[in-house]
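Here is what each chain is made of, one letter per residue.
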Amino acid sequence: MNAAGAPFRLRQAAIARLTRWSLRRHGEDALPLKVDRRRIYIIPTRFGASLGVLLMAMLLAGLNYNSNLGLAFGFLMVSLVLVAMHHCNRNLLGLCVDASTEADCFAGSAAAFEFRLRNDAAVARFGIEIRCADRGARAPAVAELSIAAGATEAAVVEVPMERRGIHRLPRFELRTRHPFGWFRAWTYVQVPLTAYVAPRPGGVRVLPPAGGETGTLAQSQAPGDDEFSSLQAYQVGMPLKHMAWKTLARGGEPAVRSYSAPSASPEWLDWFALERLDEEARLSQLCGWVLGAEAAHRAYGLRLPGVVLAPARGAAHRLQCLRALAMHGFLPPP
Amino acid sequence: MRLWTYAKVPGDEVSVEQLLAAAGCVSLVLLTSITVLPVWITLTVAALMGLRLLLASRGRAAPAPVLRFVIATLAIGLLFLKFHTFNGLIPGTALLSLIAGLKLLETRGQRDLHVITMIVYFLSLATLLEGESFWLLIYLIAVCWLSTATLLRLADTDSMAARWQRRLRYAGKLLAQALPLALAFWLFFPRLDSPLWHLPDDGGGATIGLSDTMSPGDITDLAQSDEVAFRARFLGATPPADQLYWRGPVLQDFDGHTWSGAGADAELPITPKPAPRLLLSGTAYRYTVSLEPSAHRWLFALDWPAEWDTSKASQGEDYMLLAPNAPMQPIDLTATSYVHMRADGPLAPGLRRRDTTMPGGRNPRTRELAAQLHAEHPDTPGYVQAVLDLFRRESFYYTLTPPRLGQDSVDGFLFDSRRGFCGHFASAFATLMRAAGIPARVVTGYQGGTFNRFAGYWILRQSDAHAWDEVWLEGQGWMRVDPTASIPANRVEHGLNDIVSLGVPVTSRWQQRTHWLPDLRLELDALKQFWRQRILEFDQHSQERLLEWLHVPEPDGQKLALFLAGCLITGMLWLTWVVRRELDVKPSGKVERAYAMLCGRLGKAGLTRRPHEGAEDYAARVAASRPDLTLEVADLCRCYTALRYSLAPQSAQAKSAERAFIAAVRRFRPRAP
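So the sequences go chain by chain: A and B.
Numbers in the working numbering are just positions in the first sequence, counted from 1, shifted up by 160.
Numbers in the working numbering are just positions in the second sequence, counted from 1, shifted up by 31.
A portion of the hints provided could be inaccurate.
Once the Cα atoms are required to be at most 20 Å apart in a straight line, the calculated SDA-like pairs of lysine to any residue come out as [claimed, not checked]:
#	chain 1	residue 1	chain 2	residue 2
1	B	K204	A	V283
2	B	K621	B	Y676
3	B	K617	A	A281
4	A	K194	B	R611
5	B	K204	A	K194
6	B	K617	A	A308
7	B	K617	A	A309
8	B	K113	B	R91
9	B	K204	A	A282
10	B	K617	A	I307
11	A	K194	B	V616
Away from chain B, derived, C-beta distances all over 10 Å, residues of chain A [stated by the list, open to error]:
#	residue
12	A281
13	Q350
14	E413
15	H457
Source of the hints: derived by calculation from the structure; they are not laboratory data.
Bear in mind that the values here come from a model prediction, so they are computed numbers and not experimental data.
Each residue gets a CB set at the ideal place from its N, CA and C atoms; glycine is no exception.
All chains, please: the whole structure from these sequences, using the hints.
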């Protein structure tokens with residue numbers, strides 16, 4: 161792309177200035193939000209600017225040839241451009257925006273933010289782009305949608321997340337180049353989007369056995385071992401006290417009993433048990449364990465420096481654990 | 032049909048249907064300039080387009096860059112060899128057409144589509160710069176409409192027909208919204224009085240029918256052409272029909288067969304020798320002549336021109352008016368003429384010699400006849416009359432299909448064929464005069480014309496082309512003699528069409544019997560003239576007059592600019608309103624509108640209805656915060672609910688309740704708290 165021309169840089173600089181100015185101007189927004197006319201900005205696209213230059217040349221030629229038909233045609237095109245500008249602006253005007261401001265994902269995958277756009281107007285909206293950019297990302301993540309008159313549409317923007325942690329996207333942008341791509345109208349919604357990026361699940365170590373051999377909290381060894389629910393194939397490292405000896409004695413495959421009650425011999429996934437690994441590797445290993453324990457329907461607790469999550473099971477607990485892993489070393493969002 | 036089934040060219044962003052539409056638009060624009068472009072350009076562009084569409088229909092991408100580069104270099108190189116420049120309208124159009132074709136060949140993404148769209152716009156303008164037709168303008172606007180609609184990316188879920196219908200409707204709506212603003216721009220945008228840069232001369236331009244030589248028999252085609260030569264509008268009095276002689280090139284040199292002027296008009300000096308002074312008398316006739324573009328510098332003025340716009344014309348030695356250059360655009364010339372004149376002094380010896388010269392040894396029988404007649408009538412007026420009597424008495428016929436004449440054309444006409452048209456009579460008459468030593472010359476121009484009573488002007492067509500004579504009378508000056516007029520059917524007062532008895536009719540019989548047909552033609556011509564004078568020739572003066580008409584005191588460029596700015600601001604505000612108004616959901620029925628009005632009024636009083644709130648809830652909330660309005664609002668809301676949900680629609684009861692509700696809402700004006 162020959163994008164590095166001087167006019168292009170000038171345009172980029174203008175957009176950057178405009179962005180800073182609009183940030184100072186609006187302050188924080190609250191969702192749901194109705195896009196009013198004071199927050200819509202508009203600028204010609206590269207196509208629009210080229211067309212502008214072409215139209216100037218056309219009018220000049222018309223004037224020079226003293227051709228009234230040429231001028232009539234030129235002026236019609238100029239007016240069409242002005243009309244298109246109004247339509248571009250209108251395409252965003254009065255749109256109601258709502259969004260899920262939090263998303264969870266693993267490093268290396270994408271955080272999916274969900275947006276809902278409601279169109280209360282009597283006309284359809286076309287080609288609305290929702291753009292979210294992570295800090296330092298090369299290109300923003302985009303979802304494009306059209307909304308019929310009086311309809312509500314949802315869209316998911318998947319923002320790729322490379323590194324673990326809390327990623328705060330200070331705002332998102334609604335943008336449109338409707339109708340002819342001559343102008344681009346946009347608005348910033350100053351609502352921070354938060355992505356909790358859990359570490360990439362990894363590590364080669366097997367799940368620590370239940371009973372907290374490495375733990376120090378005795379109360380976690382609650383009774384209830386006999387609330388047996390099902391058998392699982394034995395793997396190296398599984399606690400021997402859950403071994404289904406009878407099955408083995410009958411000549412079957414080695415298996416372990418698993419228990420349904422959360423209190424049934426919870427496992428502690430412990431930061432401090434992984435001394436020889438560096439920080440990210442430890443978190444990665446813990447993340448892998450959380451997923452493994454959850455998949456194995458076992459209760460698990462998570463112990464991180466400054467954070468202790470009591471053993472439990474289920475989606476909510478898993479999410480809590482993953483967020484704790486994501487937030488490790490980061491300040492919690494305000 | 033496989034073409035349609037591909038939604039996208041693999042790896043491309045542009046869909047095949049967009050590609051097809053873009054190719055269609057380029058072809059439609061090129062169609063208008065197909066006659067001026069070299070054939071191979073048109074063929075190349077068509078081939079490039081065809082190749083691309085073929086590839087696209089097979090689902091294959093554009094050809095390799097190397098091939099495209101070779102084609103581009105070859106084509107543009109050939110173009111340069113042909114024109115030696117890219118400057119100018121035709122080379123520029125050719126170049127842009129080629130680029131459009133090449134761009135189509137390599138269309139990959141939306142960006143290429145953008146370039147093609149812009150080329151379509153520019154080619155349309157290039158065609159219009161030299162175009163004059165209303166239909167051309169409409170056609171090109173339609174092409175650009177299609178081209179612009181191609182850019183629209185609406186939801187892709189519809190069928191293709193539905194999608195294009197929506198695209199065209201949307202783009203059409205935008206075009207319609209652009210019209211008022213475009214009109215304001217066009218009316219008030221200041222025009223230049225001289226070009227910013229010199230226009231390259233493409234050597235085109237229409238040619239007007241008269242030529243600067245006349246061999247009788249050459250005007251045959253002209254007499255049958257209905258093409259308009261010019262139009263004339265008298266500002267005030269109109270001269271009698273037999274005085275409507277519009278002076279064109281004067282022919283003095285005769286070789287026995289061909290009359291020719293003082294030199295081809297290209298050789299005429301920019302400021303010709305001044306004509307001998309005339310003493311003009313009688314009524315002054317002021318008029319405007321609107322001339323079509325021409326390859327000659329001649330302007331047609333009524334005999335005898337006294338005053339004219341000296342910036343547009345100068346007068347030659349023989350009293351004809353000449354433009355500084357052959358007019359490329361239609362031009363208007365306002366002049367004043369007198370039909371009566373007398374020469375101020377005797378004929379200069381040089382001119383006398385020129386206007387009595389006879390080619391030696393030619394037309395001997397004519398010389399004989401002249402000598403005989405002159406002996407009988409030694410005075411000039413008597414001799415002129417005798418010659419005219421000869422034409423009237425002897426069996427001379429006026430015809431548009433005269434026989435071919437030999438080298439001694441006057442002898443052949445006077446003694447053998449005796450059939451001819453104005454050129455024959457004028458040529459024979461002038462020869463008879465010169466043979467008797469009387470200065471005489473042939474004048475060509477237009478005579479008569481059709482009066483357009485719908486628009487009040489005269490139309491002079493090529494069929495009104497005429498030739499007559501001028502004879503020098505000692506002590507008086509040049510006298511116009513029209514020998515064609517002395518043949519019995521009076522040509523002078525009625526024009527060619529009425530002398531059907533003398534020869535082949537000019538227009539068919541049924542056309543003459545159908546009275547509405549000429550009327551229709553006149554009306555159409557009035558429209559054409561309106562288009563020409565009001566639209567094509569709209570200029571600074573028209574803008575001045577427009578401002579005067581709008582009661583702007585002392586109109587000038589600055590006021591025009593102010594007006595333009597005012598129109599622009601109003602136009603933008605209007606656009607904002609029009610475009611945003613479409614967003615509002617309008618209540619559908621009368622009752623709904625009245626209810627919306629009620630809510631609006633309460634809203635102004637500080638009690639805006641919430642979107643989810645029903646009528647009853649709303650009334651309850653109003654009652655809670657404004658006890659003074661309780662009764663009225665509760666009543667109205669109850670009435671509204673009844674009208675919406677319980678009364679049978681269209682029943683008499685519902686109708687009267689509806690009227691009462693609407694009237695009550697209109698009366699309801701809550702005070703602000």
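- Message: Check the hint pairing B/K113 with B/R91 against an upper bound of 20 Å on the C-alpha distance.
- Response: The given pair, whose Cα atoms are some 34 Å apart, is violated under the 20 Å limit.
- Below or equal to 20 Å on CA atoms is what counts here, so check B/K621 against B/Y676. 15 Å, holds
- Distance restraint between B/K617 and A/A308, which requires alpha-carbon spacing of 20 Å or less: Cα-Cα ~16 Å, so holds.
- Task: Please settle this one: A/Q350 was flagged as non-interface, so is its CB more than 10 Å from every CB on chain B?
- Result: Given that every Cβ of chain B is farther than 10 Å from that of A/Q350, nearest at about 24 Å, it holds.
- Message: A/K194 and B/R611 were given as a pair; does the straight-line alpha-carbon distance stay at or below 20 Å?
- Response: With a Cα-Cα distance of about 15 Å, the restraint between A/K194 and B/R611 holds, given a limit of 20 Å.
- Is A/K194 close enough to B/V616, meaning Cα to Cα at most 20 Å? 16 Å, holds
- Closest CB-CB distance from A/H457 to chain B, is it above 10 Å? 44 Å, holds
- Item | Straight-line alpha-carbon gap B/K204 to A/V283, limit 20 Å | The given pair, whose Cα atoms are some 13 Å apart, holds under the 20 Å limit.
- Query: Are the Cα positions of B/K617 and A/A281 separated by 20 Å at most?
  - Reply: Roughly 10 Å between the alpha carbons, so the hint for B/K617 and A/A281 holds.
- Item | Given hint A/A282 paired with B/K204 - CA-CA distance at most 20 Å | Cα-Cα ~16 Å, so holds.
- Non-interface claim for A/E413, where every Cβ of chain B lies beyond 10 Å: 52 Å, holds
- Item | 20 Å limit on alpha-carbon distance, applied to hinted pair B/K617 and A/A309 | Status holds; Cα separation ~13 Å.
Of the numbered hints listed earlier, those contradicted by the structure are 5, 8, 12.
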